[in-house]
Amino acid sequence: MSYFEFENCARIISGENSVDTIDKELCAIGGKKVLIVTDKNIQKLPACKSIKAKIQANPALVIGAVYNNIDGASTVASIGEMYEIYRVSGCDSVLAFGGGSVIDAAKCLVLLLATQARNIFDSLGINSAIRNKKIPFGVVSTTVNGGWQASKYVTVKDTVAKKSGFIESDIMIPDFCILDPSLTMTLPEKAVVKSAVGILAYCVDAFIGKQSSILTRDFTKGALIQFNKAIRRIEQNDEGVETRAMLMEASVLCGIAYTNSMVGVSHAIARALNTLYDCDFLSAICAVTKQCLLFNFETSESDYAQMFMYVAEKEVYAATPLDKCGSGFVDYVLAAVEELGKKFGLPVTLAQLQVPIQDIDLIADEVMRNYAVLANSKTCGVDDVKTILNNCFGEV
Amino acid sequence: MINAISNNIQFLVGDKALCNLAYKINSFGCNRPMLICDDMTYRLGQKKILLHSFDATGLNIAVVDQLIGNIATVADVERILNLFVKNNCDCIITLGRRGAISAGKAVKIMLKDGVNKLDYYSSHKLGAYEVLDAPLFVVPINLAGAGEGLKSARVYQDDSKVFQFETDSAESNVIVIDEVMTDTLPPKAVASYGLYAFACACEACAHCDDNIYFRPYAVTAINILRENLMPSILHNANVKFRTNLMSAVVFAEKAYSYLGSTLLSELSHIISDRYRANYCNVFSLLFARYITMHKYSQELLAELLLPLGGEKAYIECVEEARANRTIEFVEQVFAKVNETVDYQYGLSKFGVDKAHFTAIAEQAIGYLDPDDEEARYTFIMELLEKSFE
Chain A
1 MSYFEFENCA RIISGENSVD TIDKELCAIG GKKVLIVTDK NIQKLPACKS
51 IKAKIQANPA LVIGAVYNNI DGASTVASIG EMYEIYRVSG CDSVLAFGGG
101 SVIDAAKCLV LLLATQARNI FDSLGINSAI RNKKIPFGVV STTVNGGWQA
151 SKYVTVKDTV AKKSGFIESD IMIPDFCILD PSLTMTLPEK AVVKSAVGIL
201 AYCVDAFIGK QSSILTRDFT KGALIQFNKA IRRIEQNDEG VETRAMLMEA
251 SVLCGIAYTN SMVGVSHAIA RALNTLYDCD FLSAICAVTK QCLLFNFETS
301 ESDYAQMFMY VAEKEVYAAT PLDKCGSGFV DYVLAAVEEL GKKFGLPVTL
351 AQLQVPIQDI DLIADEVMRN YAVLANSKTC GVDDVKTILN NCFGEV
Chain B
1 MINAISNNIQ FLVGDKALCN LAYKINSFGC NRPMLICDDM TYRLGQKKIL
51 LHSFDATGLN IAVVDQLIGN IATVADVERI LNLFVKNNCD CIITLGRRGA
101 ISAGKAVKIM LKDGVNKLDY YSSHKLGAYE VLDAPLFVVP INLAGAGEGL
151 KSARVYQDDS KVFQFETDSA ESNVIVIDEV MTDTLPPKAV ASYGLYAFAC
201 ACEACAHCDD NIYFRPYAVT AINILRENLM PSILHNANVK FRTNLMSAVV
251 FAEKAYSYLG STLLSELSHI ISDRYRANYC NVFSLLFARY ITMHKYSQEL
301 LAELLLPLGG EKAYIECVEE ARANRTIEFV EQVFAKVNET VDYQYGLSKF
351 GVDKAHFTAI AEQAIGYLDP DDEEARYTFI MELLEKSFE
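Line order of the protein sequences matches chains A and B. Residues in the first sequence are numbered from 1 upward in steps of one, following the numbering used here. Residues in the second sequence are numbered from 1 upward in steps of one, following the numbering used here.
For the record, the hints were derived by calculation from the structure and aren't laboratory data. Being a predicted model, the structure only gives us computed values, none of them experimental. Among the clues, some could well be false.
As the list claims (entries may be wrong) - With a straight-line Cα cutoff of 25 Å, these simulated DMTMM-like cross-link-like pairs (lysine to aspartate or glutamate) come out:
#	chain 1	residue 1	chain 2	residue 2
1	B	K47	A	D170
2	A	K133	B	D168
3	A	K133	B	D90
4	B	K349	B	D273
5	B	K312	A	E5
6	A	K24	B	E311
7	B	K112	A	D323
8	A	K229	B	D273
9	B	K312	A	D170
10	B	K16	A	D323
11	A	K229	B	E266
12	A	K133	B	D369
13	A	K314	B	D90
14	A	K210	B	E227
15	B	K48	A	E301
16	A	K24	B	D168
17	A	K152	B	D133
18	A	K134	B	D168
19	A	K229	B	D210
20	A	K314	B	D113
21	B	K151	A	D92
22	B	K312	A	D323
23	B	K240	A	E7
24	B	K151	A	E301
25	A	K324	B	D90
26	A	K32	B	E299
27	A	K152	B	D168
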């Protein structure tokens, strides 16, 4: 067996009303005085009030402070503010309550506190940070893709120095992650569907990537099973709590898989677009999935064939000759992205994301700086990235 | 329903996995590891290989303790704990077989509780030691050790008293499975651990449907076992087969550990304790009979056919027949192994007395959730009867 490493992500507490366990979970990880990281919109939700009430009702816990100034990205400025509030108010633990931006910002704060570094940019790269101190850290996700957000990756920006960087560190993995589908009911259906497309794209990268292992593949298959159940419900206009729970489960499973397989070119491009143009990561994934899938077909046809079984109708799969299953999977994904894109107004080209076509060279350079591109199943050089990007625009 | 799942273990598996151990220790912020190994492991040379892997990393072992034999005793554990504290160690590496691994886990539990005497209730908490969550790195050298890398630890006081721990606190942080560290076992022992892993993985897939987060481990274990169980029994000297099988054992146990207490695990504990029988053998025997009794959900059994038989077998079998086909597959695996290593056995072979069935059943019911479908006296008696010969 060739070498692989595999780690699971945070302790997961999932299911309707699982958020009610928040105080017990915080106590279990040793939290006493908690800094809650959230954003202004989420802070207005009744769920936020009930979480605070739950924590306050537990005599072993105190809310040290609430930080709500997250504006869409993990910036050096916001991390610095949080750090100061944490220190001044004497907090000893961190709770992120929100979506991707909130969770990412909290992860950066935990990294800074645990390493006792002065600057978050000291921890750039893959597992370069060394833990000096354990910071109890919990996450309550308000999006359906919270599973993969509770991973060890984050992109950090310095808006003053105009630079950005990517961090992978085990230190950022939360101690627990609560995935309560009832908290996602205020999300618009477009966001739910975008997450579903994101899950599919993540699954593909996790399955075919050079770093994938027998375990990551089985976790991906588990994610595809849950994804498939959810997508059938979405097709019947059912985006209720059970559908969201299924997507959350799929996001956990594919999050575990992709955390261990270092992902691929579609991630690298989406991260570059997020860094350069503040594009929403999931929208960027939606816009590039198709071309990345086609780019990798040559090296990954047999992997696509294996995944086909988990997304196709059983009769369709049974009737498809083995040598056609790979292209069958591609057709399935392309049709799903196309259909969902039309129905819910998702971006399917880079032009729709307002990305300037003249910046292809700049984007390609940024992509090549991201190690996720190295894990892509087909070796992908800068010219390949430019071709993919061109094709993503060519669909206008 | 609220579903909680903890995930602490990292796996380093395959060729040259050991080379990454020092880096992993470092990533936990540790630099003074204590090494626990056993006498046999030392004589086999694995300790030297492990220390050699640290050469270029600058990591030094702070102190070594060497167990005599393959069981951990209370005296061993308390001696190791003292050494750990005295030498300001910050993490534990256990290298070897069941005894060394159990000792490492027991020390981890005591450090976490801040106690200096081993018992279940921390009543000897004397405040002598500072509470410490010491990371545990496990390097098993054979199949028996591989499964020990998870949540259980067994420490002997004397012949009549054994501390059996089953707790998250005992869970290792990192398990390293590297072919250079693996040791051969006789075919019957390989068959025993292989079938046990197979039974655990199948039970994890079929026992309940809220297994979304741990089913992938079980499926991976079954996939590995499908290709490596028989070759490993027949050719255990082949390092690839036995390393693969060790991975399967770890993944199957990982999946199974999420189930908590089940009828099969409780019955196996009761019988193995009462008659000093091998737990793994009792468990796989009971499973082989249990699966034929149609207690598992038909839907989950049908889905189990996919990892057991592969995609072709799954697709070619009509939906209604899949559950029965799964049972046939399981029976075939057991039959093939039994035929190869002459491994026919029943509870009677373990010295179980039929007259004790009632007491065994009652004891098992006492450990199970009363609402559990399995906790029915008549059913347990039927299972015991079926497993007798």
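- Out of the numbered hints, which ones does the structure contradict? 1, 5, 6, 7, 8, 9, 10, 11, 12, 13, 15, 20, 21, 24, 25, 26
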